[in-house]
Amino acid sequence: MSLNSTPLPEAVGAKNAPAKSSSLFKQSMRRLMKNKLAVSGLVVVVIMFLACFVGPFFSPYTDNKVNMALMNKPPSLKHWLGTDALGRDVLTRVLQAGRISLTVGLASMVLSVFIGSLLGAIAGYYRGIVDQIIMRIADLLLTIPGLPLLFIFGALLSDWKVPTEYRMYIVMLMLGLVNWPGLARMVRGQMLSLREREFMQAAVVLGLRDRRKLFNHLLPNIIPLLIVIATLNIGGSILSESALSFFGLGVMAPTPTWGNMIDAANNLIDFQEHPWLWVPPGFSIFATVIAINIFGDGLRDVLDPKQKR
Amino acid sequence: MPEALLEVNHLKKYFPIQKGLLNRTVGHVKAVDDISLTIQKGETFGLVGESGSGKSTVGKTIIRLTEKTDGEVKFKGIDLYGLSSDELRKIRPSMQLIFQDPYSSLNPRIRVGDAIGEALLDHGLVPKDEIRDRVLEVLQSCGLSSYHIDRFPHEFSGGQRQRIGIARALILNPDLIIADEPVSALDVSIQAQIINLFRKLQETRGLTYLFISHDLSVVEHLCTRIGVMYLGSMMETASRDELFKNPLHPYTKALLSAVPIPIPKLKRERIVLNGDIPNPADPPSGCKFHTRCPFAVARCKEEVPEFRDAGGGHFVACHLA
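Heads up: the sequence lines are chains E and H, in that order. Residues 1 to 309 in full-length UniProt numbering are what the first sequence lists, from first letter to last. Residues 1 to 321 in full-length UniProt numbering are what the second sequence lists, from first letter to last.
Accuracy of the hints is not assured; some may be wrong.
To be verified - List of simulated lysine-lysine pairs, DSS-like, C-alpha gap at most 30 Å:
1) 128(H) with 200(H)
2) 41(H) with 90(H)
3) 76(H) with 213(E)
4) 128(H) with 26(E)
5) 200(H) with 245(H)
6) 267(H) with 12(H)
7) 68(H) with 12(H)
8) 76(H) with 12(H)
9) 74(H) with 90(H)
10) 65(E) with 213(E)
11) 213(E) with 74(H)
12) 213(E) with 265(H)
13) 128(H) with 12(H)
14) 213(E) with 253(H)
15) 90(H) with 213(E)
16) 267(H) with 213(E)
17) 41(H) with 12(H)
18) 265(H) with 245(H)
19) 41(H) with 76(H)
20) 41(H) with 301(H)
21) 41(H) with 253(H)
Read the hints as simulated data drawn from the structure, not as lab findings.
Please build the complete structure, drawing on both the sequences and the hints.
What follows is the structure, encoded as structure tokens:
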């Protein structure tokens, strides 16, 4: 047979040795940078964060002093976005509100991603009874529409007279707890498909420990999905928080958030005569959420191409 | 006779067919139906058969990747199915599996060096700071270069990936390697390289292989003993020379007559089998091969032929042989 005569190359592909190795993740990021829409979304988000967290340091009006002489003044050189019903600078308040809204969005995202991916991973990896228990709880939470549930919680908080300075943290907790089931489902689905892949069988044959299989083999494969979900989740959380605060069930005055700033202008006179009270916070919500979603969509296209709308 | 490295006795693997809302079991796919084989140390046992004959399931059930239905698997005299999961984990390094598909058998997000070295690390077989040297060493012996160590699987070709798969198994110094169609996903020139690699490794390391393949010429080149499977059962087992010179089972004869030979003018008798492999959920009565056998007689339909010794370690399951 002629098989013997085939020489065994000592190094396959030795010619292109110096090329630098790159992970799938780095490649994806390079592709993301080519997507102009996604990059512009990212730019808007970054500007928004910088403005909200750094901007107020440059404002002379951070003390939130009530000044009756400056009630409802239209935009001017001294107050770029005018003043509100208590004579406070609207621009400064929008930026301070952004801090709260963005923090709530981020924190509740971190919480729901943590709970959701942990429970989803456990359910998908171990299956059986553990899976049943976790997913039935998730189903139960999913059957109740999120916003009404949040309203009930919010109303309860008001009823129990929870101090306003704690409400921000409780809103974060609420949003995080409401958002995890959908995420857990997706992570579980990924786990179920990954654990049947041949490289997981290889891990079994190698006799690897469960811990290594979970954290070194499965987790790196769901991280792209998690990044995408997490990004889109921030936008959703900001919207939910704004809605809650708008209805007076989320973060309460005097702590400003974009939602309760719009709520403060929720009457016919302000709506018609003082648009600088509600346009800036409204625009901030709009711009931030749109930008996050565009960026998230771009991320999904490069990191998770299988999942399309 | 020295003690066998691997002894498989009457191994059965039935997959239940479940239907309906309550997942009632309505039948079984008899993927592996009473297989026995023995592999001595240093031997290369070739397992051949057409698609769906249960070759891969045999490999996976031996290594406990799927659980058996019945039978016995003894590795170095230890009953593998009698081990606890912890004991099994400890014995796993000494028997390794090489997968058919070099693309899906490597985790796309783990660097090659880590993929090869992680089992050593996880089992604590080698001090942490020596692992990289060991990985480099095994890469070298599998025909890869040291700079490949920090690359990701997607940067390699199919043949290179298969070398990585072999390196991953080899670094554990296994006694037995089960190779599940390791070359069928590769093109012919690469197949030859990989097969020669298998050979070279056997010579230098004294490995024992269970080599699963549907390609008789590959098996002829590499194996010392060959078993022919059909529909989950062993039809014939013999040493390579004996099997190729003197096939006793009509199925083996048909398979051999289908092997392409590089002499176009040579006329030979081709035995063409009609029809397809029957449904393993509902195998034919008697001899499983009787529906397609050109020599079948009435007895074949009713009586299951015994898997008997036809002399000199040549086993065959046929009434007529």
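Now the hints, each set against the structure:
1. 128(H) with 200(H): OK: residue 128(H) and residue 200(H) at ~29 Å, within 30 Å.
2. 41(H) with 90(H): holds (20 Å)
3. 76(H) with 213(E): This hinted pair holds, its Cα atoms lying about 28 Å apart.
4. 128(H) with 26(E): Measuring from Cα to Cα gives roughly 28 Å; hence the hint holds.
5. 200(H) with 245(H): Holds, at about 26 Å.
6. 267(H) with 12(H): Between residue 267(H) and residue 12(H) the Cα gap is close to 41 Å, so the pair fails against 30 Å, i.e. violated.
7. 68(H) with 12(H): holds (6 Å)
8. 76(H) with 12(H): The given pair, whose Cα atoms are some 20 Å apart, holds under the 30 Å limit.
9. 74(H) with 90(H): Holds, at about 16 Å.
10. 65(E) with 213(E): Violated: residue 65(E) and residue 213(E) sit about 57 Å apart, past 30 Å.
11. 213(E) with 74(H): holds (27 Å)
12. 213(E) with 265(H): Status violated; Cα separation ~55 Å.
13. 128(H) with 12(H): Between residue 128(H) and residue 12(H) the Cα gap is close to 41 Å, so the pair fails against 30 Å, i.e. violated.
14. 213(E) with 253(H): violated (45 Å)
15. 90(H) with 213(E): Answer holds: residue 90(H) to residue 213(E) is near 16 Å, not above 30 Å.
16. 267(H) with 213(E): violated (55 Å)
17. 41(H) with 12(H): Distance ~24 Å between residue 41(H) and residue 12(H) Cα, so the pair holds.
18. 265(H) with 245(H): Holds: residue 265(H) and residue 245(H) sit about 21 Å apart, inside 30 Å.
19. 41(H) with 76(H): holds (10 Å)
20. 41(H) with 301(H): violated (38 Å)
21. 41(H) with 253(H): Roughly 29 Å separates the two Cα atoms, so the pair holds.
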